[in-house]
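Q: Top line first, the protein sequences correspond to chains W and H. All the letters of the first sequence, read from the start, carry residue numbers 162 to 639 under our numbering. All the letters of the second sequence, read from the start, carry residue numbers 162 to 639 under our numbering.
Heads up, a few of these hints could be off.
Said to hold, decoys possible - Ranges of calculated distance between the beta carbons of each label pair, as one might list FRET restraints:
| no. | chain 1 | residue 1 | chain 2 | residue 2 | range |
| --- | --- | --- | --- | --- | --- |
| 1 | W | E603 | H | W287 | 43 to 49 Å |
| 2 | W | E472 | H | N344 | 28 to 34 Å |
| 3 | H | K478 | W | R180 | 50 to 56 Å |
| 4 | H | L467 | W | N410 | 53 to 59 Å |
| 5 | W | D293 | H | K223 | 36 to 42 Å |
| 6 | W | N410 | H | N563 | 54 to 60 Å |
| 7 | W | K520 | H | D405 | 45 to 51 Å |
| 8 | H | F529 | W | R411 | 27 to 33 Å |
| 9 | W | N519 | H | K520 | 54 to 60 Å |
| 10 | W | Y491 | H | N412 | 20 to 26 Å |
| 11 | H | N344 | W | D170 | 39 to 45 Å |
| 12 | W | E308 | H | E560 | 53 to 59 Å |
| 13 | H | D595 | W | Y491 | 52 to 58 Å |
As the list claims (entries may be wrong) - Derived list of chain H stretches under chain W, where covered just means 3 residues or more per stretch with a C-beta under 8 Å from a C-beta of chain W:
| no. | segment |
| --- | --- |
| 14 | 197 to 210 |
| 15 | 284 to 298 |
Simulated from the structure, these hints should not be mistaken for lab results. Glycine included, C-beta positions come from ideal geometry on N, C-alpha and C.
Number of protein chains: 2
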Amino acid sequence: MSKDEFVKDITNIDDDFARWYTDIVIKAELADYTATKGCIAIRPYGFAIWENIKDYTDKKFKETGIQNVYFPELIPESLLQKEKDHVKGFAPEVAWVTNAGGQDLDERLCLRPTSETIISTMYSKWLSSWRDLPFLYNQWCSVLRWEKETKPFLRSREFLWQEGHTIHETEKEARERTLLMLNIYADVIENLLAIPVIKGIKTETEKFAGAEETYTVETLMYDGRALQSATSHYFGQNFSKPFDIKFQNRNGQEEYAYQTSFGMTTRLIGAIIMAHGDNRGLKLPPKVAPIQAVIVPIAMKKEGVLDKVNEIYEKLKTNFRIKVDDREQYSTGYKFNDWEMRGVPLRIEIGPRDIENNKCVFVRRDNFEKIEVNLDEIEEKLAEILDDIQKNMYNLCLERMNNKTSVAHNMDEFKNALNTNQGFIKTMWCGSADCENKIHEETGAKSRCLPFEQEHLGDTCVYCGKKADKMVIWGRQY
Amino acid sequence: MSKDEFVKDITNIDDDFARWYTDIVIKAELADYTATKGCIAIRPYGFAIWENIKDYTDKKFKETGIQNVYFPELIPESLLQKEKDHVKGFAPEVAWVTNAGGQDLDERLCLRPTSETIISTMYSKWLSSWRDLPFLYNQWCSVLRWEKETKPFLRSREFLWQEGHTIHETEKEARERTLLMLNIYADVIENLLAIPVIKGIKTETEKFAGAEETYTVETLMYDGRALQSATSHYFGQNFSKPFDIKFQNRNGQEEYAYQTSFGMTTRLIGAIIMAHGDNRGLKLPPKVAPIQAVIVPIAMKKEGVLDKVNEIYEKLKTNFRIKVDDREQYSTGYKFNDWEMRGVPLRIEIGPRDIENNKCVFVRRDNFEKIEVNLDEIEEKLAEILDDIQKNMYNLCLERMNNKTSVAHNMDEFKNALNTNQGFIKTMWCGSADCENKIHEETGAKSRCLPFEQEHLGDTCVYCGKKADKMVIWGRQY
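With these hints in hand, go ahead and build the complete structure from the sequences.
A: Next comes the structure, spelled out in structure tokens:
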């Protein structure tokens with residue numbers, strides 16, 4: 162079976178990116194559609210990616226003092242109503258439980274779209290003195306948002322995430338926590354997923370319902386669309402006042418706590434697919450890949466081949482995630498294509514002649530380079546090359562992001578850039594929501610953020626031409 | 162503050178065990194009641210216990226080839242209906258989503274009470290050949306069962322669990338898997354939680370709705386009530402037929418797959434409380450304790466004390482879960498009581514005189530023994546004593562279980578045993594559901610299981626006096 166035949170049921174990435182994406186999701190067995198409309202089943206290969214993301218992140222969180230907890234998934238309607246911006250933002254897309262245990266409920270319960278409200282009621286109950294602070298809690302759970310259009314991982318009605326919720330004695334401490342968590346997200350996405358990020362603050366229009374400020378890490382995908390990859394919010398006292406989260410401060414006075422929340426979701430699996438994939442299929446960064454290297458025996462029925470393969474497997478499996486493909490029903494060529502499509506970063510080929518020469522062949526998924534490796538050096542070489550693949554994948558993404566980032570001083574330049582080289586567009590902006598909305602209406606691009614790394618690109622707003630001293634990055638999203 | 166004062170808001174364990182239990186849950190900050198009736202918030206200390214259980218179990222699962230996955234939490238009503246025993250068992254206690262995204266739904270969706278139905282539809286879709294088998298999938302998630310009476314951890318409307326679902330080529334393999342998982346549960350409960358188990362098979366009346374056979378690990382709590390601690394089910398083809406989970410077998414014929422499922426829940430946190438706790442509060446087995454030892458400095462303002470404490474902490478923290486209690490607002494006596502109440506297995510006391518003599522004092526939570534330890538040997542000693550505490554706690558539980566296990570040959574003996582020494586009661590049983598139901602009606606005790614370790618206690622049924630060749634263990638539950 163040739164490569165062309167093998168990938169024939171994967172749409173060409175440049176012909177129809179959206180279809181290419183769902184083809185990969187299904188064919189690489191990351192997830193599948195279910196009988197529950199808009200909700201996916203995450204299959205073992207997809208879930209193993211999520212477990213790697215989760216383990217890495219959870220460890221980073223705990224190093225900063227975060228503790229895990231679990232709050233109810235059902236929230237009484239009256240609680241959701243307590244913070245007015247919050248309910249306005251979330252109520253339209255919640256799902257309601259109205260009947261349970263054979264009886265209609267007196268009060269509807271919504272499936273959590275996010276848990277600020279239920280957690281805030283408990284914080285109010287548990288907090289009394291400044292000595293109790295901070296509360297640095299997080300939960301790994303699922304949430305439900307009744308989206309009209311869904312897409313596996315990117316926009317699912319139910320998705321998995323972590324939601325961190327902290328309260329603090331001072332505004333300063335809460336603000337520091339907001340940025341600390343944003344930096345952990347940037348670390349996860351850049352170092353684990355090999356995707357460069359732009360860090361910044363959301364505009365008023367784009368911030369989280371109920372937040373004082375929302376910080377974001379934005380990434381750019383293969384087709385030049387932007388993906389909001391994780392967000393961290395500073396709430397000030399917006400929730401602590403309606404939810405009565407107060408404490409006796411060091412001066413013996415009552416004060417409302419300063420609050421944050423931050424979240425990251427299974428959408429990141431979508432980001433990996435769309436940032437790294439190609440016409441051969443998925444391409445996984447070694448650090449997050451469930452299988453880092455697959456050993457494919459050549460002429461595996463020849464005496465000694467499988468013994469040698471298993472010997473190597475035993476040697477490598479302690480420090481690497483390794484799989485041996487000894488399936489009898491498939492040809493070697495089929496296996497090569499299959500593991501490439503599933504994005505395994507490295508293939509190790511070993512046949513009778515290799516064994517004679519005490520060597521094997523590494524084939525990289527990122528650039529298809531073939532490397533002869535002496536079997537005595539296989540562990541060091543594997544570590545070295547996986548590391549190089551990880552770096553190379555990051556650099557390729559960074560290069561693409563830079564190539565797809567344009568500067569616009571007026572709307573002609575803006576539209577031209579978006580049409581000829583879809584990606585991020587940097588402009589100056591006057592700060593008015595009106596200009597922001599009009600840009601969205603005219604181009605489909607939304608403000609991604611005001612990046613921390615501001616540049617001076619002139620002194621006038623790209624839309625209205627009035628005085629402007631802020632740089633915004635814009636981009637179309639999914 | 163004396164011990165008596167400190168524990169005054171914990172009900173005496175022998176006066177009212179149920180209230181003692183909830184007092185511990187609240188006061189040790191394991192969980193709390195929420196605005197969502199019947200659902201608890203699991204606080205950091207309680208959740209850390211669950212994380213330890215989860216990590217240990219997940220590793221054991223994976224060693225047997227289990228892979229984690231995630232399926233939707235919402236299940237369409239029509240799916241729930243497909244297996245008739247299953248729907249009869251679960252439909253009365255499900256919660257229904259009837260409205261979402263601002264619209265009434267065409268078909269109600271239930272919040273999963275368990276996931277056999279939704280998973281089976283996907284298995285049907287994914288399975289084609291015997292070469293695909295087995296599927297060995299598991300998910301860690303929450304489920305919802307609308308119980309009328311709730312109790313934190315033991316019977317919560319929402320609870321956390323793992324549910325494993327496997328399908329196999331042969332009945333033999335599926336049956337082996339059912340028992341393999343049961344043995345992992347027994348290992349978790351005996352070796353991690355230090356609670357002895359009785360392994361056995363449930364009667365027809367008590368088996369899982371839709372199962373061919375249900376296996377269980379049963380434990381006995383402080384007050385002599387039994388707790389079903391985990392179950393493993395063999396389904397045969399009960400789900401694979403209505404859900405059309407079939408494959409081409411090695412002979413080229415279509416065959417329905419053989420299925421299992423198995424589950425273990427946050428109820429185990431309740432088991433730890435009720436199996437080990439006492440009038441001082443919680444008592445945690447070292448292997449599952451979030452804090453294995455707490456260092457309490459004596460005269461901590463004296464020069465050098467906190468430095469030494471931190472030096473010891475740094476030395477111990479690599480291999481043990483250690484906390485230093487350097488809170489200034491509490492007396493040493495208060496701290497002693499507080500950590501005893503929270504069940505920390507070992508307290509390490511260090512004061513100026515200890516430092517002079519290069520020693521510290523260990524105080525065991527299980528038997529309050531005080532042990533002088535040379536600081537040069539602190540690591541070895543800590544490992545040794547934590548190990549001894551773990552064993553001692555298991556042995557104490559085993560002794561109690563044995564003391565609270567009676568044999569009855571007739572109903573007089575049965576009732577007498579239950580009233581004078583509530584616990585497990587072993588009897589012969591004819592196998593009729595009628596006798597089983599009447600025993601329950603008359604005594605409140607239910608059959609726990611037919612233990613694997615059968616004994617010959619006579620030849621007649623404890624209830625009807627007819628011929629009997631099976632031994633059953635009975636007990637009251639929560």
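Q: All hints, please: hold or fail.
A: Structure-based check of each hint:
1. For the pair E603/W and W287/H, the beta carbons lie near 45 Å from each other, so the given range of 43 to 49 Å is met.
2. At roughly 31 Å, the beta carbons of E472/W and N344/H sit within the given window of 28 to 34 Å.
3. For K478/H and R180/W, the Cβ-Cβ distance of about 52 Å falls inside the hinted range of 50 to 56 Å, so the restraint holds.
4. In this structure, L467/H and N410/W break the distance hint of 53 to 59 Å, their C-beta atoms being roughly 26 Å apart.
5. Our hint of 36 to 42 Å for D293/W and K223/H holds, since their Cβ atoms are close to 38 Å apart.
6. Roughly 55 Å separates the CB atoms of N410/W and N563/H, a value that falls within the hinted 54 to 60 Å.
7. Checking the proposed 45 to 51 Å range against K520/W and D405/H shows it holds: the Cβ atoms sit about 49 Å from each other.
8. At roughly 38 Å, the beta carbons of F529/H and R411/W sit outside the given window of 27 to 33 Å.
9. With their beta carbons about 57 Å apart, N519/W and K520/H fall inside the hinted range of 54 to 60 Å.
10. For the pair Y491/W and N412/H, the beta carbons lie near 21 Å from each other, so the given range of 20 to 26 Å is met.
11. In this structure the supplied range 39 to 45 Å holds for N344/H paired with D170/W, their Cβ-Cβ distance being about 43 Å.
12. A hinted range of 53 to 59 Å holds for the C-beta pair E308/W and E560/H, which are about 57 Å apart.
13. Separated by about 57 Å at the C-beta atoms, D595/H and Y491/W satisfy the suggested range of 52 to 58 Å.
14. A count of 9 residues in the segment 197 to 210 of chain H with a Cβ less than 8 Å from any Cβ of chain W is obtained; the coverage claim is therefore met, three being the minimum.
15. Remark: the segment 284 to 298 of chain H is confirmed as covered by chain W, as 4 of its residues place a Cβ nearer than 8 Å to a Cβ of that chain, reaching the required three.
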